[in-house]
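A.B. asks: Below are the chains, spelled out letter by letter.
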Amino acid sequence: MFKLWASIKKDLLLLTRDKVGLLLMFAMPIVLAILIAAIQNNTFKIVNDNKVSLSIYNNDSGAISKQFVSAIKDAGMFNLNEFNKQFNGKDIVAEMKETDALVTILIPANFSSQIENKSKVLSAMVFKDLGLGGDSVETNKSTVDPITLYYSPVLQATFRQSINGAIRSSLQVIENKQLIKNLYTLVDENKSSSTLEDGILNSQIKINEIAASRNGARNIPNATQHNIPAWTIFAMFFIVISLGSSVVKEKLNGSFVRLKTLPSSYVISLISKQITYLSVTLLQVAVIFTIGIYLFPLMGLPELNLPSDLSALFVVSVICGWCAVSYAICLGVFSQTQEQANGLGAVSIVIFAAIGGLLVPSFAMPDSFSVVMKLSPLHWCLESYYGLFLEGGKLKDILMSIIPLLGITFALQLISFWGLKRKNLI
Amino acid sequence: MNTAAVDIQDLDFSYSNPPHTCFTGLSLKINSGERFGLFGPNGAGKTTLMSCMTGLLPYDKGSLYLLGTEIKKHPKEIKKLIGFVPQDLAFYQELSPIQNLDYFGALSGMDSQSIKKRSSELLEVLGLTEVKDKAVQKFSGGMKRKVNLAIGVIHNPALLFLDEPTVGVDIQTRHVIINYLKELNNQGTTLIYTSHQLSEAQDLCYDIALIHDGKIIEHDSPENLFLKHKEKDLEGLFIKLTGKNYKEENV
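Those sequence lines, one after another, are chains A and B. The working numbering puts the first residue of the first sequence at 1, with every later residue one more than the last. The working numbering puts the first residue of the second sequence at 427, with every later residue one more than the last.
For reference, chain B alone in the conformation it holds in the complex (with noise of 0.2 Å):
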């Protein structure tokens, strides 16, 4: 039986200080092996669900399970499993990109052996080999965004959680990123994926949702809803079924 990489059921959560709800009842279900595309205007709730799905926000009610385990009761094993490529820059840019990967390598539960081994593939996939022992913070913006990737999955994750990878990225370290990003989910990663890049996102997603106020508004692959809304793409997908409500919020 396939398990479902993220099942979602019910989920509440609400932020304390200021007192705000952010999800009533928020049911979401991802596959193995999928590449997911989670989408929505500023403040819809995406970061907040991917933080959720990440351990890094305690749910207040429902379930969430992560490849068939709950992550409230078995925290650490499931962590075991994730990786997480924040949208910041969340590495030591005093340091190399070997000596981080060598770090988040080590606290990801692997042994030196193995950080040798997969940090000389993921340098040279992502073309950092010639600089792996430069510190970062001399790098481009590019270049720093590649490292911000390789320690993410530096562990193989099984399930690869990503807050807009390529943020202000040339085309070609973007081309980089996103052709990597399918290798590895042709390897078996289920990639979950947020960005406000949608020709990027249509170009990797097989299964998007918009999510809208707290609530997933749709939920399909591009294609089923692009028939649905008749609509060519996923920019205007998106501008069709959030645009009214985002320039009333701007307003």
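Isolated chain A (complex conformation) (with noise of 0.2 Å):
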């Protein structure tokens, strides 16, 4: 036990004179979090809170152009510039860039006139169809020119397909009215049913939102509890280039050899190297989250809220930890020199960390790479801390994905220690 807590000892001396090892498992992480989170924060704000700014250029003077741009204030998804002056495209375009907006749209002149000859046309047509009269329909006067929607082209295409989406059915709104307030007019009828109007306009039928997490609560996903465990995950395993140059450095500089020639083994130093680095791991953790409760909601972004299972999320930690450890002692038996663990394990977390899910969202990954995604550890550490963070599950919950981990974390040490038995090391 004695040669072990020394072992653990030297260790953490070694460790902390690893200025830039420090500097790369606490700092890096901090500041990364810190800007992925605020930059996502802001597109999760203008997904879930913030409405749309939308510059409505108005070249009509007409009452239904009027009504359309109501109906888009109506629908609660825009905060409105209204602009009632001749623009042409040219125009606009300048103004964009000059303000930076994302959203612009241009109503034609004569949309009201048009919008009105149509909906004559087509209740013309109605009336045709049901046998109740008008023999001739001057269908060249259903024409309507068409609204033009400026967008940045930094906006994302679905983003961009939502705003028309939401748009779309403002314009269906007001068709829908003037069809109904012509179809009245040609039968005598001056003014429709407002009940009625309503009843066909707006649809009655209510959308249930339901969150799928497993505790039943209805979490609204933010850039916190996406990033924190993501960048902590990361920042476990990027122990990588102190661990792995650590483990090289020992068998280059003879102490490997020493300690072969004392009556004490090797494993006594991996043991300890794994504690050692293991408990920098869980302080990661325990640093990355206290900044996500306390700092975060003091720099305006979103508080870190825990997840109900401190136990499960503790146990994750370990097991993400150990595996980080594993990989990076597997990196060290395994280099040739330090320069070659540091690059390796450099760039090894950064693939394992985009194919697993870190830098770009599992969901939004092609099919070809569920099976790669697979063999990314960062992964399997993802899936276990989503699924109590954003699911709310317990550790019950979480198993199909901490048995690979633990699959992996055995893989590595059995690896690590063939490897370190082939060059007679042990």
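Derived by calculation from the structure, the hints in this document are not laboratory data. Among the clues, some could well be false.
Residues of chain A placed beyond 10 Å of chain B at every Cβ, according to the derived structure [stated by the list, open to error]: (1) 75; (2) 120; (3) 127; (4) 149; (5) 163; (6) 295; (7) 346; (8) 355.
Selected chain B positions facing chain A (in silico; Cβ < 10 Å) [claimed, not checked]: (9) 477; (10) 517; (11) 526.
For every residue, glycine included, the Cβ atom is placed at its ideal position computed from N, Cα and C.
Starting from the two chains in their separate frames, assemble the complex, guided by the hints.
C.D. replies: Below you can see the structure in the form of structure tokens.
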């Protein structure tokens, strides 16, 4: 036991001397978590909370275009900026570039009269089809000049499509309203019943929204809940730089050789390294989670909400940390130089993070990546954490993510042991 | 009865990758309390033989007893009794001498009190007390060599293997190291030493062996070997016995 304690003490002392390693293990992931969370938080806000700022250039002075603008306002998705001047496309593009506006629509001149004409044609067609009169229908009067949607090229296609859908829906409302009005006019009714109009125009069917979480809680996804676990995992695995090169250094500087002549075993050193660096990974978890809980709200970012099952969170953190340590040792055992361990370690972690869903969400990856993704230990770490943080799961709910992670960890330990044995180092 | 410190009989050793036979039927006996020097040109097999003796390399055939115990059968017991000062600076240069001694002392099986006492003695005798808390990486080459030696002897080994312990050090440091080795030997530690510093070896060793092409070609006291080969120093003897082959090897 004294030998193990002496080894742990030595590893801790070496760790405190490794300033660059400490910086990579703590400062880098904290900065990344803050930066990425801040950036994503804005996107989440746009999706969840904020209204989209929409500029409307209305070249039409009729009543229907005003109704259309009002319908867009009623959709509740936009903050409108209205401009009732004559604008052309070039003016709008220049204006958007100057104001950094994301979305603008241009309502063409004669929009109201064209909608009016179109609804008259359509109502006449209805009457003709029903045999109620109207022998000839002037279908050439049913064309309406298009509404133009200008958007910033940085806007994501899905977001643009949802804006387009909201505008189309508003357009549908005023077109239908005008059609109903004309139908009533044709049957000599001056005014339609507002209840009937509302019944036709507005869907009365409710859409219930239920979050598919394990505990039934309606968690709104926010950047912190996504980023803190992801970058904590990244930080844990980045110990590869310090631990991997520490193993290589011991192999190269003769400490291994000296240890072999002592009444001790390198296995003690390996256990010591695992305990030391596992403690480091748990410290990383504590530091980054604490920052998420206390510092993020002060920075205007959403607070990190810890899962209800804290013991499961601890178990998952220990397993993730152990997997990271095992990977670093394995890399150290097989690397010939410190440069090799550092380079290969950093690049492999970035690749594992990319394919594991830390940099790009796994649902956004192509189907062909579904197998490759499962090879990344970071993927299983992330799945385990998300099971607790986003789905409100308990330990038993995330077993299917923990088991592969343990499998990878044991495999890495065995490979390291085999590598040391093969090189006659133990 | 005086047990031999080292008793090697018919030792065979080969490297597997690339395949290369190092020794066949090598025998060597070194008495306890001896100051033994093993010399030979580069590639003669000195380091390999020392690696077999310290248990770093497992030999293929024959027997190798250290202090009366066969190393293959009781490696852990043997390792408690031997010390090794490798040619490389085999310790943690980021740490201080005292931190290195704490760690290697513990792994040698010592308790914290013994480590403390012994470290203090060693640092004093080797002139490292003033720098005991400073990181070794800032030390001169000579001071690093002293730390390397201190770590090898922290547990007071009965048998000490030294692979070129004074390589690259100034004359003053060499003097300190050699004097300390003599003192250790006076206290009963058997020294097994290799070096290319032949004048230093002549001053230190009572018993020498010359190894060449994996064979012990001479083994006696320096005085007897000088008489036998009509040479007046170790350097002349070395060149006489290995020089021709050495030149051929280099060609």
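A.B. asks: Run every hint past the structure and note whether it holds.
C.D. replies: Outcome of the hint check:
{"no.": "1", "hint": "75", "verdict": "holds, 64 Å"}
{"no.": "2", "hint": "120", "verdict": "holds, 88 Å"}
{"no.": "3", "hint": "127", "verdict": "holds, 93 Å"}
{"no.": "4", "hint": "149", "verdict": "holds, 63 Å"}
{"no.": "5", "hint": "163", "verdict": "holds, 58 Å"}
{"no.": "6", "hint": "295", "verdict": "holds, 32 Å"}
{"no.": "7", "hint": "346", "verdict": "holds, 21 Å"}
{"no.": "8", "hint": "355", "verdict": "holds, 35 Å"}
{"no.": "9", "hint": "477", "verdict": "holds, 9 Å"}
{"no.": "10", "hint": "517", "verdict": "holds, 6 Å"}
{"no.": "11", "hint": "526", "verdict": "holds, 8 Å"}
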